[in-house]
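Using the sequences and the hints given, assemble the complete structure.
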Amino acid sequence: MSGSSPSSARIALDNITVEFPVYTARARSLRAALARQLGGALQRRENTVTVRALHQLSLRLEDGDRLALVGANGAGKTTLLRVIAGVYPPLAGRIEVSGKVASFTDLTLGMDFEATGWENIIYRCVFLGLSFAQARELAPSIAEFTELGEYLDVPVRTYSQGMVLRLAFAVSTSIHPDILVMDEMISAGDPQFADKAVRRVGELLERSRILVMASQVPAILKAYCTKALWLEHGEARLLGPVAEVLEQYEQSCRMPAAQP
Amino acid sequence: MNSPVPQSASAGWSLARALADGWAECAAGLANWRIAHLDGTAILRRRYARSALGQFWLTLSTGASIAALGAVWTILWKQPAHEIFPYIAVSMVLWGFMNTLVIEGANAFVNQAHTLSNQGLAVSTFIYSLLYKAVLVLLHDAVIIVLVLLVFQPPIGLDAWRFVPAFALTLVAGFCVSYLTAMLCARYRDVILLATTLMQLMFYVTPVLWRADFLPAQYRWIIEVNPFTAFLSILRDPLLGHPTTAHAWWYALAATAVLVLATLIAAGTVRRRLIYWI
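Chains as they are written, first to last, in this note's numbering: chain A, 1 to 260; chain B, 1001 to 1278.
The hints are simulated quantities; they were obtained by calculation from the structure and are not laboratory data. Hints may contain errors.
Here are some chain A residues pointing at chain B (derived, C-beta under 10 Å) [what the hints assert, rightly or not]:
{"id": "1", "residue": "18"}
{"id": "2", "residue": "19"}
{"id": "3", "residue": "20"}
{"id": "4", "residue": "86"}
{"id": "5", "residue": "103"}
{"id": "6", "residue": "114"}
{"id": "7", "residue": "126"}
{"id": "8", "residue": "127"}
The structure presented is a predicted model; accordingly, all values stated were derived computationally and were not measured. Built from N, CA and C at the ideal position, the CB exists for glycine as well.
The structure is reproduced here in structure tokens:
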């Protein structure tokens, strides 16, 4: 890995709020925007609806923290992951992330399906922040892990979905991030490969200082995480030890009547 | 990891801050040069993977239209071939370059929506990759220019070195135009179509296929206010051995300065909102 890592990784969110503007076709149009300017203030904002994804959320994570994100669909889990990954700058509040962040929301990002498996090992490594020399150095061991053999010499577009995933998984898990952001546990397909994959993820987690993972599978969260944050409508409902939070969350799921 | 959008606490807008943020954004994109390189060469890699001639197939088609247009000018309108062929070849190739920067700039961010919403990357990375790709394509098309210049031998003098600073200036201005178009099109999607129409229009009012001196004097102002004319002139004249007017140079310099400022301010201002648009 190039560059020097900070001596410790840290995530500090203070009262962050994230809102998504939902544009109608009219709000997407420059012609309509100009017409509105001419038409006066009356209908100025009628075409924009905002959806609040995160509301005044505060969170502090230090070295060694393994945070699970739980909550219903649309509670803001993925948005929070993307805020930490630097995708969405919060519109209000403060954010401080120190350490190299690796975002695993799409493992194939940076790959070119027209290129060969070998080339894609390099492309994906570079996309994850390695230099070309570092990528070439790492390529043989990644190739070996994929067990794709001669397939690595042909374009990735000829691969089956499972093979693409295996390649993407092998490259993505070969890096050394400080902060690891995951939307659902990453894995790679078929049963005989699964054991190897689990071991490799374990090694990756050992190398990373902070993990933030969203998942709907309690067993996985309990196995990998120590803390959990329960999100509801973009707000923090409960933060604490993983077992405790999961228990309460599951309880509330069983009693759908207990809506606030 | 790769350089993400620099994060800072939100506060009110100020010019100094917008400029600083815009500069930081452009610097962060440049730091991602490896990604820009891979993205910028992707299309060319594909073209070469599918055929031995690769990008030169497109160069051939550009060459064919230049040959056809040159023939029309020579035969129908009795222009001397040794003048009109170099003029059209150089003009068409350079116009193609400028056209690409605007038209593809319109889609630069919209096309990368998936990547940008999954990885904290400086958006300017994809403006650099667009510029890089356009330069690589221009290098392919430059073969036509070289051939035509060798055949017709226009009176190129020592002044030809002026092409180098002219090209450097065009790169800076081109980066800014692409970036501004990309930001505008991310927010207002109807501008994507507008950009194509507008460039078609600019093609007709810019002396690409016709020469400035064909225009009656009372209409000269049309080309004098057109910035494309100025850039085309400072790039083209050194290659043809024509003198460049000081007006063209000053206009191109001033336009670039305004574009740089506008780009930095706009990039710094919309930086935190851009991702929500795409």
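Q) Checked against the structure, which of the hints given earlier come out wrong? A) none
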